[in-house]
Amino acid sequence: MKISKEKFGQSFDALTAEYQVVAPVSEAGAVNFKTAKSFSEVKQDYLNSKLPPKSLLFPQHEKLLSYVKEGKDITVKNELKVGKTVLFGIRPCDAKAMLLLDKVFKNDQYRDPYYFDRRDNTVIIGLACNKIAPTCFCSSMGISPACSEGSDLLLIDLGDSYNVEVITEKGKELLASLGELSELSAQEQALVDTVKSAQTTSKVDVSTITAKLDKMFDNSYWDTLHEKCLGCNACSFSCPTCHCFDISEEVIKSEGSRVRTWDACMAPLFTLHGSGHNPRDKKKSRWRQRMMHKFNYFVHNNGDIACVGCGRCIKGCPVNMDIRQAIDGVNKAEVVVD
Amino acid sequence: MNSIIDDIRAAARQLLADGKVDVVIGYEKGSLPLKSTPCFVRSPQDADKLIWDETCENNLATYAAQTAGKKAIIAKGCDSRALMVLLQENQLVRDDLYIIGVSCPGVIDKNKIEAETGEIIEATITDGKVSVKGIACDKEYNFADVKDATCQTCRYPNPVIVDLKIGGSVEVPQSDFADVIALENKSDAERKAYFKEQMSKCIRCYACRNACPMCYCQECFVDCNAPKWLTGGVDSAENLLFQTGRALHLAGRCVECGACSRACPQGVDIRALSRKVNKDVKEMYNHESGISEDIKPALNVYSADDPEEFLVKE
Amino acid sequence: MEQNPYLPITMKLIKNMCETEDKLINTFTLQFQNKQDEENFKYMPGQFAELSAYGHGEAPFGIATSPTEPGIIKFSVAKVGCVSNALHLMEEGTMVGVRGPMGNYYPMEEFKGKNLVIIGGGFAFTTLRSMAVYMLDEKHRADYGDITVIYGARNPGLLLYKEELAEWETNPNINLVTTIDRPAEGWTKHVGFIPTITEQVAPSSVNTYAVVCGPPAMIKYTLPVLEKLGFPPERIYTSLEMRMKCGLGICGRCNIGPKYVCKDGPVFSMAQLKELPSEY
Numbered sequence: 025m026k027i028s029k030e031k032f033g034q035s036f037d038a039l040t041a042e043y044q045v046v047a048p049v050s051e052a053g054a055v056n057f058k059t060a061k062s063f064s065e066v067k068q069d070y071l072n073s074k075l076p077p078k079s080l081l082f083p084q085h086e087k088l089l090s091y092v093k094e095g096k097d098i099t100v101k102n103e104l105k106v107g108k109t110v111l112f113g114i115r116p117c118d119a120k121a122m123l124l125l126d127k128v129f130k131n132d133q134y135r136d137p138y139y140f141d142r143r144d145n146t147v148i149i150g151l152a153c154n155k156i157a158p159t160c161f162c163s164s165m166g167i168s169p170a171c172s173e174g175s176d177l178l179l180i181d182l183g184d185s186y187n188v189e190v191i192t193e194k195g196k197e198l199l200a201s202l203g204e205l206s207e208l209s210a211q212e213q214a215l216v217d218t219v220k221s222a223q224t225t226s227k228v229d230v231s232t233i234t235a236k237l238d239k240m241f242d243n244s245y246w247d248t249l250h251e252k253c254l255g256c257n258a259c260s261f262s263c264p265t266c267h268c269f270d271i272s273e274e275v276i277k278s279e280g281s282r283v284r285t286w287d288a289c290m291a292p293l294f295t296l297h298g299s300g301h302n303p304r305d306k307k308k309s310r311w312r313q314r315m316m317h318k319f320n321y322f323v324h325n326n327g328d329i330a331c332v333g334c335g336r337c338i339k340g341c342p343v344n345m346d347i348r349q350a351i352d353g354v355n356k357a358e359v360v361v362d
Numbered sequence: 006m007n008s009i010i011d012d013i014r015a016a017a018r019q020l021l022a023d024g025k026v027d028v029v030i031g032y033e034k035g036s037l038p039l040k041s042t043p044c045f046v047r048s049p050q051d052a053d054k055l056i057w058d059e060t061c062e063n064n065l066a067t068y069a070a071q072t073a074g075k076k077a078i079i080a081k082g083c084d085s086r087a088l089m090v091l092l093q094e095n096q097l098v099r100d101d102l103y104i105i106g107v108s109c110p111g112v113i114d115k116n117k118i119e120a121e122t123g124e125i126i127e128a129t130i131t132d133g134k135v136s137v138k139g140i141a142c143d144k145e146y147n148f149a150d151v152k153d154a155t156c157q158t159c160r161y162p163n164p165v166i167v168d169l170k171i172g173g174s175v176e177v178p179q180s181d182f183a184d185v186i187a188l189e190n191k192s193d194a195e196r197k198a199y200f201k202e203q204m205s206k207c208i209r210c211y212a213c214r215n216a217c218p219m220c221y222c223q224e225c226f227v228d229c230n231a232p233k234w235l236t237g238g239v240d241s242a243e244n245l246l247f248q249t250g251r252a253l254h255l256a257g258r259c260v261e262c263g264a265c266s267r268a269c270p271q272g273v274d275i276r277a278l279s280r281k282v283n284k285d286v287k288e289m290y291n292h293e294s295g296i297s298e299d300i301k302p303a304l305n306v307y308s309a310d311d312p313e314e315f316l317v318k319e
Numbered sequence: 017m018e019q020n021p022y023l024p025i026t027m028k029l030i031k032n033m034c035e036t037e038d039k040l041i042n043t044f045t046l047q048f049q050n051k052q053d054e055e056n057f058k059y060m061p062g063q064f065a066e067l068s069a070y071g072h073g074e075a076p077f078g079i080a081t082s083p084t085e086p087g088i089i090k091f092s093v094a095k096v097g098c099v100s101n102a103l104h105l106m107e108e109g110t111m112v113g114v115r116g117p118m119g120n121y122y123p124m125e126e127f128k129g130k131n132l133v134i135i136g137g138g139f140a141f142t143t144l145r146s147m148a149v150y151m152l153d154e155k156h157r158a159d160y161g162d163i164t165v166i167y168g169a170r171n172p173g174l175l176l177y178k179e180e181l182a183e184w185e186t187n188p189n190i191n192l193v194t195t196i197d198r199p200a201e202g203w204t205k206h207v208g209f210i211p212t213i214t215e216q217v218a219p220s221s222v223n224t225y226a227v228v229c230g231p232p233a234m235i236k237y238t239l240p241v242l243e244k245l246g247f248p249p250e251r252i253y254t255s256l257e258m259r260m261k262c263g264l265g266i267c268g269r270c271n272i273g274p275k276y277v278c279k280d281g282p283v284f285s286m287a288q289l290k291e292l293p294s295e296y
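One line per chain: the protein sequences are A, B and C, in this order. Residue numbers for the first sequence follow this note's numbering, beginning at 25 and rising by one. Residue numbers for the second sequence follow this note's numbering, beginning at 6 and rising by one. Residue numbers for the third sequence follow this note's numbering, beginning at 17 and rising by one.
A portion of the hints provided could be inaccurate.
With a straight-line cut-off of 35 Å between C-alpha atoms, the simulated DSBU-like cross-links for lysine-lysine are [to be verified]:
#1 B:K25 - A:K307
#2 A:K58 - B:K197
#3 A:K277 - C:K51
In short, the hints are calculated from the structure, not lab data.
Looking at chain A on its own, in the form it has when it is part of the complex:
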């Protein structure tokens, strides 16, 4: 079934009254997810956003609470605020990444209310990829350019209209406010089939990586892998699944707030103890952590690899550290099995 872009655009504009509608928008030379006031602002033919949409649920800088100190007394205010959001046009890799983030922000003991109150109030309209970038390798990560996992509705761009697929109840509810659907022509059906069967050209083999990494903590592979890494956070901040954060205080006189900000395992300060001891004091151990966390620890804890093959870290790296090569290196490493 399809909906015309004209009709969809009108509904989109109407939705902005009730929802915060976030969509790919071109700004300062890059396409990123921002609040859109009208469908005309939306950049539909983008490959993928420069930064992942994770910041919608997990902002780079977020107030957790605020307080006022008066003498010895303190008044603390919860800064949890929630609004209804429609997230339009996210790619299947990023939609899948949100399912992975769900597993981080809720564990066997705790649920993060800042993340989930946004998450639960967000409807995700995924947009399949008609074009595939050479750095995309989602097909190797169990996703595909038209994968519906993580989306509530999945659209496929047919030119003048969108093919619409309802994935969840939430999606079904939203669809009701979008407008009339009509049948696809044979030609359009063929295009849908093409997009759905598409695969990324770039591929990696992760079939045995988790088991292999189980035995690789002390492997000499880590001795050189990290060498050219500058230790910046470009990869982590552009990764849709990286989620590590810092909590710090921002204070002006007697008023302050506690904020959380993105942090990353590449920074030496990330694990530095107050005593000066640092369990991951070398770049070597930090790169091992990055690989282990994504391809081993995360799998043990959550059953999934924490990489969706979006390729952003490859494009963003100033020294061309390529995670595909790092994966390949693990595959090729010699492991002593006891």
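Please build the complex by placing chains B and C on the supplied structure of chain A, with the hints as guidance.
What follows is chains B and C alone, placed relative to chain A:
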């Protein structure tokens, strides 16, 4: 170019075979079109990985201090200037360093190309032409048109300190501070708007700082929590504070390699700030950093005839 | 409404006492401000909490009191960073924030019917004190066998909880052995490093658990001694320290392999640690 590559490889092979160095830091072919990647060659047989072309954009001096042992470094003009300043600032031991100098034709600004062609699928560089197959379109460029902005104003493409020079010299382009003057001539509001937009893109990943050979502080002011100079906020104002703080700390030290701007995954015009500082340093102190062993860093010298009033005079 | 695990409860600092002669460790006594808060703060020995010095930040510290001591909780904190410095300087009566209790705890159920040897070094004695006090409580003492405490510091002035130690000296329910690294004037008890003293005075490993906390070097050299004395890794427990922020197993920094020290620890048996990478 090819003979330069052969000579680089031969030199690396010889240095490693003779045990003169433990590692040669150079470039190898990267995983993306028009992208090289730094590499660390430790055995003579690996020397054939080394390449040299217009994609060798990283400043390898950044790795000098953090790499143990005796090292040879492939140095363009700007890399050599960085090594010079690092030596002057006692960050490197001269005897542990072997500088293989190569004159630099300038490096490619991949972002400029991709802004038109979309993500690059394939590309070749031959005879001053860059042919690109992009996801949006195919296009051929004259190298001069897609040369990195830094290289267009570079006055030191030929290495200033070498142990071995490979290949000939390149012509030094005429350059003034026209780009800075253009920015200076803008109104306050225009300049403010420009930096506001640029800084809005910064995600504080610190790729610029980490790519910079001069940013070697054990504790960067942005990481300091007592006092806390700036917050983790990522708005334009906080980002500008970080970027200006960094630019000022590089006053009289910046070697204009442009590694910061090229490292930036967000395409922030970081150089706009450092270029302005460099122009001021040139005008006030007639100083350019890292161009001669005899010239001490501008802000690190004491002179009794310093014109500043605060200086105690006899 | 569901509890927001990032929101601290407010507690009053009712006592800020210097604990050691080097003036680097203070013990803070915090008082619950209402029944509900105390009710929600059900903890066990070995757990920690995130302590907020508003205006400075938040940091995790082991709880030094035992759940058998109602109305208050105590922390003994070394002055090392921004938050601990602020706490040290804090006036009594000031309101602070507390999130917790967090993490797992010493397996007090598993310890039932067993002898315990508690080995502590330096200021890492806080949660060990909690455990000892818990077991000494009249409701619990009968659940456990012999309790031996081996506690050492560089010099006598650096031992924590000196009054309590003096009381334990004469308490028939607990066997206390204190030691200092080098001889000091007026010190009549043991002199020597923890591993050596442990070898001399530790009880039989039969039906006994060992709990060890202290600086990494002390732990490193004490473990082989315990092994030599016949303690299997399943019966040696320790509590680990890590840089932490959220305390909820989310922020990602305190992991050892796939385990988060804040959520899955901080208490681990040596058998569990042997299964994890040695990255701590």
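These are the hints, each one checked on the structure:
no. : hint           : verdict
1   : B:K25 - A:K307 : 26 Å, holds
2   : A:K58 - B:K197 : 23 Å, holds
3   : A:K277 - C:K51 : 32 Å, holds
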